[in-house]
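Given chain A, put chains B and C in place with the hints provided.
Residue numbers (the numbering used here), protein chains in the order written: chain A, 1 to 671; chain B, 1 to 671; chain C, 1 to 671.
These are computed hints drawn from the structure, not numbers from a lab. Given the structure is predicted, the values throughout are model-derived calculations rather than measurements. Positions of the beta carbon are idealized from the N, C-alpha and C atoms, including for glycine. Some clues are possibly wrong.
[Said to hold, decoys possible] Which chain A residues face chain B? A few, computed with CB under 10 Å, are given here: (1) Glu16; (2) Glu51; (3) Pro84; (4) Trp86; (5) Val88; (6) Arg102; (7) Arg105; (8) Arg110; (9) Glu156; (10) Trp309; (11) Gly310; (12) Ala316; (13) Pro317; (14) Thr342; (15) Ala357; (16) Arg363.
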Amino acid sequence: MAPYPGVRLGVAYYPEQWPQARWRTDAQMMADAGLTLARVGEFAWSALEPEPGHFTLDWLEEAIGVLADAGLEVVLGTPTAAPPAWLVEQHPEILPVDVDGRPHRFGNRRHYCPNQPAFHAASERVVDQLCRRFGGDSRVIGWQIDNEFGGRCYCETCRGRFQEWLVERYGSLQHLNESWGTAFWSQTYSRWEQIPLPQKEPWDPSPSLALDYLRFMSDSYVRFQAMQTARLRERITGQFLTHNLMGFKFAEIDYRKLAADLDLVSWDNYPGLEPDGGHSTAALAADAMRGLKRKRFWVMEQQAGPVGWGLMQSPAPGQVRLWTYQAIAHGAEAVLFFRWRTARFGTEQHWHGILDADGSARRRFRELTRLSSELRELRQQIDASAPVADVALLHDYDSRFALQVQPTNGALGYEASVQRHYKALRGLGLGVDVLADTADLDRYRMLVVPSLYLAGPELASTLSAYVHRGGTLVLAPRTAVKDRFNAVPESSLPAWLDSLCGVRVTDYQSVSPELGVGFAGDGESFEGEFYGWYEELEVADASVVASYSDGAFAGSAAITERKVGDGLVVYIAGVATPPSLDRLYRRLSSRLGLRALQLPEEVEAIRLEGRGDGELLALLNHSEKGQRLSFEGSRWHDHLSGASGEGSFDLGPYGVAFLEGVGLTPSDRDR
Amino acid sequence: MAPYPGVRLGVAYYPEQWPQARWRTDAQMMADAGLTLARVGEFAWSALEPEPGHFTLDWLEEAIGVLADAGLEVVLGTPTAAPPAWLVEQHPEILPVDVDGRPHRFGNRRHYCPNQPAFHAASERVVDQLCRRFGGDSRVIGWQIDNEFGGRCYCETCRGRFQEWLVERYGSLQHLNESWGTAFWSQTYSRWEQIPLPQKEPWDPSPSLALDYLRFMSDSYVRFQAMQTARLRERITGQFLTHNLMGFKFAEIDYRKLAADLDLVSWDNYPGLEPDGGHSTAALAADAMRGLKRKRFWVMEQQAGPVGWGLMQSPAPGQVRLWTYQAIAHGAEAVLFFRWRTARFGTEQHWHGILDADGSARRRFRELTRLSSELRELRQQIDASAPVADVALLHDYDSRFALQVQPTNGALGYEASVQRHYKALRGLGLGVDVLADTADLDRYRMLVVPSLYLAGPELASTLSAYVHRGGTLVLAPRTAVKDRFNAVPESSLPAWLDSLCGVRVTDYQSVSPELGVGFAGDGESFEGEFYGWYEELEVADASVVASYSDGAFAGSAAITERKVGDGLVVYIAGVATPPSLDRLYRRLSSRLGLRALQLPEEVEAIRLEGRGDGELLALLNHSEKGQRLSFEGSRWHDHLSGASGEGSFDLGPYGVAFLEGVGLTPSDRDR
Amino acid sequence: MAPYPGVRLGVAYYPEQWPQARWRTDAQMMADAGLTLARVGEFAWSALEPEPGHFTLDWLEEAIGVLADAGLEVVLGTPTAAPPAWLVEQHPEILPVDVDGRPHRFGNRRHYCPNQPAFHAASERVVDQLCRRFGGDSRVIGWQIDNEFGGRCYCETCRGRFQEWLVERYGSLQHLNESWGTAFWSQTYSRWEQIPLPQKEPWDPSPSLALDYLRFMSDSYVRFQAMQTARLRERITGQFLTHNLMGFKFAEIDYRKLAADLDLVSWDNYPGLEPDGGHSTAALAADAMRGLKRKRFWVMEQQAGPVGWGLMQSPAPGQVRLWTYQAIAHGAEAVLFFRWRTARFGTEQHWHGILDADGSARRRFRELTRLSSELRELRQQIDASAPVADVALLHDYDSRFALQVQPTNGALGYEASVQRHYKALRGLGLGVDVLADTADLDRYRMLVVPSLYLAGPELASTLSAYVHRGGTLVLAPRTAVKDRFNAVPESSLPAWLDSLCGVRVTDYQSVSPELGVGFAGDGESFEGEFYGWYEELEVADASVVASYSDGAFAGSAAITERKVGDGLVVYIAGVATPPSLDRLYRRLSSRLGLRALQLPEEVEAIRLEGRGDGELLALLNHSEKGQRLSFEGSRWHDHLSGASGEGSFDLGPYGVAFLEGVGLTPSDRDR
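Pulled out of the complex, with its shape left as it was, chain A reads as follows (with noise of 0.2 Å):
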């Protein structure tokens, strides 16, 4: 990853929501603030398409200019997440269908069925619009395709281009019947035309109809996307595309795929929406989204104030700004605020922007220009480190959309799973990339896998070769339990990985997740416990690392782990507690010599690569109180603060720090 050539601030920008004769005083307060870079147009379909087929797209060359005259760039949105009332009153077959088969209505946002073929027409000829009159406009610096794609529709279209993709997918009926086992109750297919679309609970479909439907719902996006890239590129010089994508939480769409076909990620950061702060959240957010392309992103919607129309809970003061430096730390290199004015209007009137709904600029204005020009003075550092991970954990959207469908015990939801392992590694300061495929596997000393639930041989022979090759391999419980129709495979579990790991699952235990296990460490002190699932293991070819203490399997192996060559297989048969795992990272991280730290549950610490020989190292503080940490024997200088130290650090609250120096990083790996 290459350093940060600086980060940018910018903001989401409305111009058709506001008076003509607002925008150079709104500009200039943006620039004032130290903005310079404003996305506008997303959803302004109805402003650049007032009737069918009639275009007025000079108010927005209007308002880009101005933009422009205050020195910001622009990111162009298009506009197709907000279909017009007049071409859903052409079309009301656009109108999406939920689960139950209830039409939306017109009123809302993303009221579209990504398949129907007359929207597809429709949002072709506006972005062929955009692209023809803005594709060369060099204040446009990039465009985002739409925003937030998201939604299942279960309408009729949906079902027959369903029925394509299947008979793309399998070919013959046969080949599909027998990869469901549509023999069990009677679900044999003898034309394509009768094939369902899936139904809620207690009417659960075939588990792999359900997936295919999951995984034909996230192509369907794919495929409207890949219109307007396709549309866009024929067209613009010089400009990138991007799609605003929602973080690792969101879970209907394949990012893999979705993010293969952009120049950049970018992504929509909220963590005042999550429950618990959402620091952790975010991180792993900004770790995934980094790890679609392997390279740096950008937040291009980062929460500004209160958001919702629920609780619509105010970040503390202090907080909007450690967002944004966590997000950079992690690999932003532009954040841009949602949204510049408070709207007076619609449903997100009370999702606050930087400026009030009344236009004026009270603390949020005042703390954003603080912070852009904070960010100046460190632009140096900056610019000049990237975050270092030595650690890959790998998700796999297949599983996730898998598990969607019959999620099983509570302890091995997916995005839970994912996390619990995340925060442990990061708890101990690694670096973590977050990735979603395999590629280029080997610069990392550690590959976690905390939830494959489905597998196959491909990806299985992918991690054998990663550990013969000298990796290190982690597994958690559940692992390759499905092939990739869902269906369970006709092996031993884990399926096609049981010889790597060298054991056999061959019993299993789902208990309520309130209730535990105990298992400890053989010949030294190693305890821990796993909750909700945990699994016996016939041990062929491996090492017992911890044994169960107590319940169905008291005294045969809870963690295994096998060498191959220089490379290791750790297989974790039970769903782990946060301390087991811990500890359980801190003894391997021990061993691969990769150094732990020491730190507060509410501290975040990101090693960055940087250009000076000292170790840099940034430290967020996501507490309400302040924090001391310890760097035995370290030397450190703050670049925020400017001030300079030795051993501990003290950390306000919501406090930032970049430190260089000596004895700060939890990584050993360059001594």
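Below, chains B and C without anything else, positioned relative to chain A:
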């Protein structure tokens, strides 16, 4: 408010549900129990018009005669709340459609869309027949229109009518688009026909559209009632028109508009359905119903026993009597129990009347007989009394509707906010008129507006005038946040009222309603707490009554007041806890010379204006435990028990007293 | 009840889901595990009739042959629970419609409306083909009709059939209108076609209509089954007909009517799906299933491992064996595990069979093999034993349906009420026959009717006759509240039974189920508590066993009894807590000379009638902890372990014993 003409008791009676042979027995038993009023007919459509256009009204006349012979006067209901099966069969379109688009089925009640032409026509016909026959019948003293209007329909007819309603309200689409801010999310309408019905979470429509739909649905009932009242007024002589409303908590219809067309407000009182036993809910309801026309009301349905088909909790012995006295002390001039005999059939079999389903007269009958005899004894005192209010509390249906659309922080709930202020005021023994309009405010020493989410310049100037004429106005947080289109005004908050208050809201914290922040009075011992929501004020021209003692705004103003001539405006910047409100209102009362009582939580004291020179105080103990009240230096006589005494007074479990004497009432205004 | 002919074990097997090459292996492994029965075919419609009218039955005959070769006899299922895709494609109207009007989709099972002519026709055709081929096949010993009937449809065909059903039941609309009391809320019907389908809360229909619809839906399945049994009986020789019912808790179908048309009751037992581990649910289910035909039953599906796709909790080691012995001790003459091999495909992938999905025989196979071997050892003892009951417990499907319509106070829940009384009786070690009809009551010393919400004069006179002939009848509160039309009778409660009981209900208190009221015996140390619901009794001709010690009815009768010759009627006026019921039944048992045991909560004792002179007692420990039982003065021999001893006996975790000896059983009737 004029003195009581004596309180009458009555009952809902359904002759069509019982054999004609039983009617005389029932009527005689009613008379024996001391009843003089019966409501009949409001669910009898199929008995009155068994086939389309074929009317059979003789039985009703016969029943009225039987009742009259026993000395009962009749309130006659129009039967439109329960359209017959044949009408639904002929016109299935009259069935209402829910927000998800599902039509209801025949088989309950209120199964009509208030906008269907066929339903209007059939209703008009049956009402016409009824008033031709009974409009001049002196045994019928009044009419109840329909029964408990309510329910929101989402059918295509409603959609069309809504569009017409919008044409009338906005005149042009340009005006609508601007007022609603449809530029947001590309929702600009180019034809009225494009305007959709609102839909549910998570597909929330524009708040402006949603609010207008709620207003439109409310207006639909007002219009339907107007059709009936117009018909009736063509024929009736000397009979009043009423509708049975559902108290304060029912917030689907603007009762101010509904009541405007009625001669008399009546309402239905089921405190047993409230979670807390409902005494404060019933008290607020009574004061709000009295406030609609600023005159005494009827309780058209008073709970007589266990009700519902869930828990159907039984009233404790003495509780029904207590509820009846509560209604009387709050201004009821008639109380009709629901219902005479417990239904043997139908959905309300478990909704207990005075008699059991087997026709037996048991405890409820005996208690009623004692109550009516007791009331006859008390008639002289009650005749000469009326509740007295120094305080007005203003509630606003538009604000209530607006907060239904996007409730934001749970601490800001409309009904709960009103109830909290109401309880605090009533807890001091202060009389409160709960008003839905701003006429004639000058008679009140204090005007409390606990939640005024939506406002406008006209209302602001009315409030200002009240203060300038010497009134004390109390405003709570989140005041005047929206204009009448449910858009955020382009001015500082509280919009239109900032000059009057002398403060401006510059920031706020929205936190979980479990979290609070303290405030304390400057230079005096006055402390309190806000929770959920609190605002930062810029004080332009006001005194700071209390400042934040912690939280994001520590040290700045939490409660302010501004003197305006003899008038005063108090702005409370956060959601105050009940103890804080108690202290605040105690302080304000003392300042205004309104003497506050010290009352146990479960005891209500209602100051009455009596005939004599002494003070008159109704006391109601809503607890199962006896209570001792201290009136230092008082002398009293209890009209109910006949006892006299000095100083303290004992109320038994669920006990009631009507004390006359000196040293009793909470106000020293008259001294 | 005749002695056991020896208990057989079997398994559900789906040859259509596995390669034919595997069949012989499976069959041999089944035989090795000691199985002698296999159920096949009940979900194989699309394999048996891959195209309309084209039947392929050879594979099934082949599979039956393979099983027979290994010594297994076959129960053949009719495959109507899973109509094929082609049938749904041809006749989409067969898809059931839910209460909200939404049609289900193809893709699960039970996706049929039981009233659709096209579905009846197709079902008849496939059943006809099957019984032509296998009706005389001696390898097939019986038939299972369909699979787990259930599900309520609300389609227009059902509506039409319901109207016809009503014509048959009521004859005239006048009779229906009067019986339902349609005068209430103007619901009088003038044409049968007006009668609607019932709808959901808050739009509850008339309770009379709702109850009749539940009866009609139940009858629809009875009728559909009758079509199949008629077809089968034309062809079969020496084969039994059964259906796999769903125990006591399933309350959508009147199992009394369903069982009447069957030769044998079988049912499906999944205790692991019950919140409490289900031992009491399974025991009650077994006794209720045995009571349907008053003879031994089969367990057609016995849980073999983790099931479901939620928590899918694993049975503890030993628990499946325990469940099997529990079924046997309650009267099972065959137990078939579900299923042989865990499915690789389809909705039930996580519903574990004996083998794992990979075909491996692991712990569950080994445990089954041990169990079947153990059972063979025990055969002699089991052959000669049968459960003995002194007590009958009556449940009534009409009352169950009626309480589904309007449940009122939560403490009155039908299934919970029955279970509470059942547990109290079984906790004393008393044998209980759970009956759904009133034939042949005289053989029981005590008849408990824990909930008889709906009654009539015929049932009342049957109960009266039982008492007059010397029986002891126990009635709990809320008895005979409704007539068979779900209307409240015009008589005092308990209607038709007040003279027999010698009491009349004059009032009641319905309070939150968390609240209670105490009662105490007159002149003896007997105390207890009611909760949720308790009644005031007017005692006409009965002795007061206990009086209220507090609450609204303090001092009046809480439990009464009336001697009628040698008989006795006990009326319990409230919902008694478990400890209170325990004391009550202990007192009654002692009075009737039924000796009660002292048992730990988690231990079941089932008294069996054995071949020898000694007492025979099955003991089941449903706890993970060992238990010591005291039988003072006893001598015993455990047929399972072979051990003998005196006095006390130790049961291991999830342990089972079949004790023979003296001084063991709870009844001294035979002494």
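Verification of the supplied hints:
A hinted interface residue such as A/Glu16 counts as satisfied when its beta carbon comes closer than 10 Å to some beta carbon of chain B; here the least separation is about 5 Å, so the hint holds. Taken as an interface hint, A/Glu51 checks out: its beta carbon lies about 6 Å from the nearest beta carbon of chain B, inside 10 Å. This hint holds: A/Pro84 has a C-beta 6 Å from the nearest C-beta of chain B, less than the 10 Å allowed. Taken as an interface hint, A/Trp86 checks out: its beta carbon lies about 5 Å from the nearest beta carbon of chain B, inside 10 Å.
Look at A/Val88: its Cβ gets to within about 7 Å of chain B, closer than 10 Å, so that hint holds up. Below 10 Å, beta-carbon pairs count as interface contacts, and A/Arg102 has one with chain B at about 6 Å; its hint therefore holds. Evaluation of the A/Arg105 hint against chain B yields a held restraint, the C-beta minimum of about 4 Å falling below 10 Å. With a least beta-carbon distance of about 9 Å to chain B, the hint placing A/Arg110 at the interface is held under the 10 Å criterion.
At its closest, the beta carbon of A/Glu156 sits 17 Å from a beta carbon of chain B; the interface hint therefore is violated under the 10 Å criterion. Evaluation of the A/Trp309 hint against chain B yields a held restraint, the C-beta minimum of about 4 Å falling below 10 Å. Given the 10 Å rule on beta carbons, the hint for A/Gly310 holds: about 7 Å separates it from the nearest Cβ of chain B. This hint holds: A/Ala316 has a C-beta 7 Å from the nearest C-beta of chain B, less than the 10 Å allowed.
Nearest Cβ of chain B to the Cβ of A/Pro317: about 6 Å, under the 10 Å cut. The hint holds. With its C-beta approaching chain B no nearer than about 7 Å, A/Thr342 sits inside the 10 Å limit, and its interface hint holds. Taking 10 Å as the C-beta cut-off, the interface hint given for A/Ala357 holds, the closest approach to chain B being about 4 Å. Interface restraint check for A/Arg363: the shortest CB-CB distance to chain B comes to about 5 Å, inside 10 Å, so the restraint holds.
Hint compliance for this structure: hint 9 is the single one not met.
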